[in-house]
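Colleague: Sequence:
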Amino acid sequence: MNEVLPINDTTYEVLMPSGDKVEIGDRGASDFKPHLKLSRWGGECFIKVGLPSTEKITPAVEAGKGKWRGQKIDAHLYPLEPTARNELGGFEFEIILKEKPATNQIVLDIQTQGLRFSYQPELTDEDRGKTSPEQKFNDEVLPLLVSMNPDSVLDLGGGRGELVRDLNGRGIPSTVFEVSQEAYDNRVTDNFIQGDAAQTPWSFSDKEFDCITGVGFLKYVNEADINNLIGEIVRTSNRAVFFLGRGSYQPKDSSPIVEKRSKEWWANRFADISPDYNVEFYDLVAEKAFRPDNVVGSYAVYHATKKNNEYMTGKAFHIYRPIAEDAVGNKAWCAIHIDGHLDPKNLTITVPQQFLDEAVYPVVIDPDFGYLIAGGTEYIIADEDSYLTLRGGSAWTMPAPGGTANYIRAYIGDSETCNTKVLINQKDSEGADSHGQIAIKENLACGLALHWEEFTLSGETLTEAVVYILSVTADKDDLGNYGFYTTRYDTDGAVASYSDSAQNYGAPENPWNDSPDGTTRDYSIYCNYTEAAPAGLENKSANMGAKMVAAGLI
53 MNEVLPINDT TYEVLMPSGD KVEIGDRGAS DFKPHLKLSR WGGECFIKVG LPSTEKITPA
113 VEAGKGKWRG QKIDAHLYPL EPTARNELGG FEFEIILKEK PATNQIVLDI QTQGLRFSYQ
173 PELTDEDRGK TSPEQKFNDE VLPLLVSMNP DSVLDLGGGR GELVRDLNGR GIPSTVFEVS
233 QEAYDNRVTD NFIQGDAAQT PWSFSDKEFD CITGVGFLKY VNEADINNLI GEIVRTSNRA
293 VFFLGRGSYQ PKDSSPIVEK RSKEWWANRF ADISPDYNVE FYDLVAEKAF RPDNVVGSYA
353 VYHATKKNNE YMTGKAFHIY RPIAEDAVGN KAWCAIHIDG HLDPKNLTIT VPQQFLDEAV
413 YPVVIDPDFG YLIAGGTEYI IADEDSYLTL RGGSAWTMPA PGGTANYIRA YIGDSETCNT
473 KVLINQKDSE GADSHGQIAI KENLACGLAL HWEEFTLSGE TLTEAVVYIL SVTADKDDLG
533 NYGFYTTRYD TDGAVASYSD SAQNYGAPEN PWNDSPDGTT RDYSIYCNYT EAAPAGLENK
593 SANMGAKMVA AGLI
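What the sequence shown shows, in the working numbering, is residues 53 to 606, in sequence order.
There may be inaccurate statements among the hints.
[Claimed, not checked] Keeping only pairs whose Cα atoms sit at most 27 Å apart, straight-line, the calculated BS3-like set for lysine-lysine is:
id: 1; residue 1: 150; residue 2: 119
id: 2; residue 1: 117; residue 2: 383
id: 3; residue 1: 117; residue 2: 89
id: 4; residue 1: 397; residue 2: 108
id: 5; residue 1: 358; residue 2: 89
id: 6; residue 1: 152; residue 2: 397
id: 7; residue 1: 479; residue 2: 100
id: 8; residue 1: 397; residue 2: 358
id: 9; residue 1: 124; residue 2: 397
id: 10; residue 1: 89; residue 2: 100
id: 11; residue 1: 100; residue 2: 73
id: 12; residue 1: 108; residue 2: 119
id: 13; residue 1: 383; residue 2: 358
id: 14; residue 1: 150; residue 2: 89
id: 15; residue 1: 89; residue 2: 315
id: 16; residue 1: 152; residue 2: 124
id: 17; residue 1: 358; residue 2: 479
id: 18; residue 1: 119; residue 2: 397
id: 19; residue 1: 152; residue 2: 117
id: 20; residue 1: 89; residue 2: 108
id: 21; residue 1: 119; residue 2: 493
id: 22; residue 1: 479; residue 2: 493
id: 23; residue 1: 117; residue 2: 73
id: 24; residue 1: 100; residue 2: 117
id: 25; residue 1: 117; residue 2: 150
id: 26; residue 1: 493; residue 2: 358
id: 27; residue 1: 73; residue 2: 358
id: 28; residue 1: 383; residue 2: 150
id: 29; residue 1: 108; residue 2: 152
id: 30; residue 1: 73; residue 2: 108
id: 31; residue 1: 119; residue 2: 73
id: 32; residue 1: 100; residue 2: 397
id: 33; residue 1: 108; residue 2: 150
id: 34; residue 1: 100; residue 2: 119
None of these hints come from the bench; they were simulated from the model.
Using the sequences and the hints, build the whole thing.
Modeller: In structure tokens form, the structure reads like this:
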């Protein structure tokens, strides 16, 4: 962790892993202010954010945190280590309410330079790609189970227990039966039995559960264990419903996937063992996009006008949705609102009033400013389960004086390695919504973990003022059972963006015929290029070289 160092009597400074500096305090003030100034690209762009106060309080630096202690509110300001979420670290502006406030809104002052603020709403069904009539995923699994009106439910391989938590919340007694230690450590319900459901016999009584379910569970069961597993399901329950495919949460320590088997295969296997047992099967069609809870309601912050080369994706920060937590560990999501896409003046945090009414004080609210390059929303570019190869990309206008392409980097990874291609197309060059191909490059077996993959190009010409589309796609046929490969994006900002599921990886469409997304996306892909010499400079350089040769200088 980088140190919090004083630069004068009222201001401290922290050097971030990106090389940018964060100031705590206000250089121009005569006394300390609970303010932050977060800079990017050597100070070309910045956010200043502060808690308004007239109190004159001397700060303290304790355990790497700048601490300001007011009468009713404290503020702790400190750097965060780089994580998968914040590649370049981050900064916490922790607000501590010592007593119940008069209002449930905290208004922070903001001053910015050269940045735009893009709100990240909850994804729509269209964003997620919910197009299959058989899809029973996430918010569709729960209504189906509730509609069955079960007296009790056992969820096999239920991950952290989100489904069980929600069933219990609707008055249906439910329990998770899950082997993963990671899932147990991150569980969201106490109705959790840690154990391997494939190991039989179980300790449950006959017909202890009205219904047994499993979301993406059956693909992990070995052939040798299937008959005994079915026998235990039949013995301990009145009925069952299983969802085949991927679940909404897959622990990293989960067992290897054994085999992809159809609904019909499983129905026949159950019928062989217990013909009269009531069991149903549904296919899961994976969502094309996923936005984490802390990104829903957050703000992605980008350079207002620039991307590529040293600006990479153009992303400067991410301001995540805050959580309020009281002294005994009760938590609630807060809402944030920034009052302008460009040049905002206020950042307002709204804490649920009921939470404040019932809280045990002090209450900590944790606005988190992440330094990162990648987007916050997952987008699948290859999905073996749904037999889809998808393509996503964003448009940008090539600045003067143009140049030649060196490489493209894309933020990719997920369940396994995968062959991946990046492309450059010229927007509308072949007619409206028809984009001629300028460059294509494939890398084989791109890495499993999310990472920046570099694709070397061949010096293709990029002409100033022309709009180009950078896109990425991956090969579904290179994935194993239920495998998938992803990139990232943020909502609302690019010149235009394109998301296409009708793709042939082996021969990407050329020209690419696709209309822009209704809401634009900044995909996590960027181009490095060498700028062309300004017009006339080539001739001047050549003439100068000839004169130097004639003079015997070279």
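Colleague: Taking the hints in turn, state whether each one holds.
Modeller: Going down the list of hints, with the structure as the test:
The suggested pairing of residue 150 with residue 119 holds, with an alpha-carbon distance near 14 Å, which does not exceed 27 Å. About 23 Å separates the Cα atoms of residue 117 and residue 383, which keeps this hinted pair within 27 Å; it holds. For the hint pairing residue 117 with residue 89, the CA-to-CA distance comes to about 15 Å; that is within 27 Å, so the pair holds. Among the hinted pairs, residue 397 with residue 108 is consistent with the structure: their alpha-carbon atoms are about 23 Å apart, no more than 27 Å.
Restraint check for residue 358 and residue 89: the C-alpha separation of about 21 Å stays at or below 27 Å, so the hint holds. For the given pair, residue 152 sits about 26 Å from residue 397 by alpha-carbon distance, which is consistent with the 27 Å threshold. Using a Cα cut-off of 27 Å, the hinted pair residue 479 and residue 100 is violated, with the two alpha carbons roughly 37 Å apart. Note on residue 397 and residue 358: the hinted pairing holds, with a Cα-Cα distance of about 22 Å set against a maximum of 27 Å.
A threshold of 27 Å between alpha carbons decides the hint, and for residue 124 with residue 397 the separation of about 24 Å falls inside it, so the pair holds. A distance of roughly 4 Å separates the Cα atoms of residue 89 and residue 100; the hinted pair therefore holds under the 27 Å criterion. With a CA separation close to 12 Å, the supplied pair residue 100 and residue 73 stays within the 27 Å bound. A C-alpha spacing of about 13 Å is found between residue 108 and residue 119, which places the hinted pair at or below 27 Å, so the restraint holds.
For the proposed pair residue 383 and residue 358, the alpha carbon gap of about 38 Å is over 27 Å, so the pair is violated. Proximity of residue 150 to residue 89 is assessed by CA-CA distance (about 25 Å); at most 27 Å being required, the pair is judged to hold. Between residue 89 and residue 315, the direct Cα distance comes to roughly 56 Å. Violation of the 27 Å bound is thereby established for this hinted pair. With a C-alpha separation of about 9 Å, the suggested pairing of residue 152 with residue 124 holds against the 27 Å cut-off.
Using a Cα cut-off of 27 Å, the hinted pair residue 358 and residue 479 holds, with the two alpha carbons roughly 18 Å apart. Note on residue 119 and residue 397: the hinted pairing holds, with a Cα-Cα distance of about 24 Å set against a maximum of 27 Å. Proximity of residue 152 to residue 117 is assessed by CA-CA distance (about 24 Å); at most 27 Å being required, the pair is judged to hold. The hinted pair formed by residue 89 and residue 108 meets the criterion: a straight-line CA distance of about 20 Å does not exceed 27 Å.
Restraint check for residue 119 and residue 493: the C-alpha separation of about 50 Å exceeds 27 Å, so the hint is violated. Between residue 479 and residue 493 the CA atoms are separated by roughly 18 Å; this keeps the pair inside 27 Å, and the hint holds. Restraint check: the Cα-Cα separation between residue 117 and residue 73 comes to about 16 Å, which is no more than 27 Å; the hinted pair holds. Note on residue 100 and residue 117: the hinted pairing holds, with a Cα-Cα distance of about 18 Å set against a maximum of 27 Å.
Between residue 117 and residue 150, the direct Cα distance comes to roughly 18 Å. Compliance with the 27 Å bound is thereby established for this hinted pair. For the hint pairing residue 493 with residue 358, the CA-to-CA distance comes to about 24 Å; that is within 27 Å, so the pair holds. Straight-line distance between C-alpha atoms of residue 73 and residue 358 comes to about 20 Å, which keeps the hinted pair within the 27 Å bound. A C-alpha spacing of about 16 Å is found between residue 383 and residue 150, which places the hinted pair at or below 27 Å, so the restraint holds.
Distance restraint check for residue 108 and residue 152: the Cα-Cα separation of roughly 22 Å lies within the 27 Å cut-off, and the hinted pair is therefore satisfied. Annotation: proposed proximity of residue 73 to residue 108 holds, straight-line Cα distance about 25 Å (limit 27 Å). For a cut-off of 27 Å, the pair hint linking residue 119 to residue 73 stands: about 19 Å separates their Cα positions. With a C-alpha separation of about 10 Å, the suggested pair residue 100 and residue 397 falls inside the 27 Å cut-off, and the hint holds.
A C-alpha spacing of about 18 Å is found between residue 108 and residue 150, which places the hinted pair at or below 27 Å, so the restraint holds. In summary, the hint linking residue 100 to residue 119 is supported, as the alpha carbons are separated by about 18 Å, within the 27 Å threshold.
The earlier numbered hints that this structure contradicts are 7, 13, 15 and 21.
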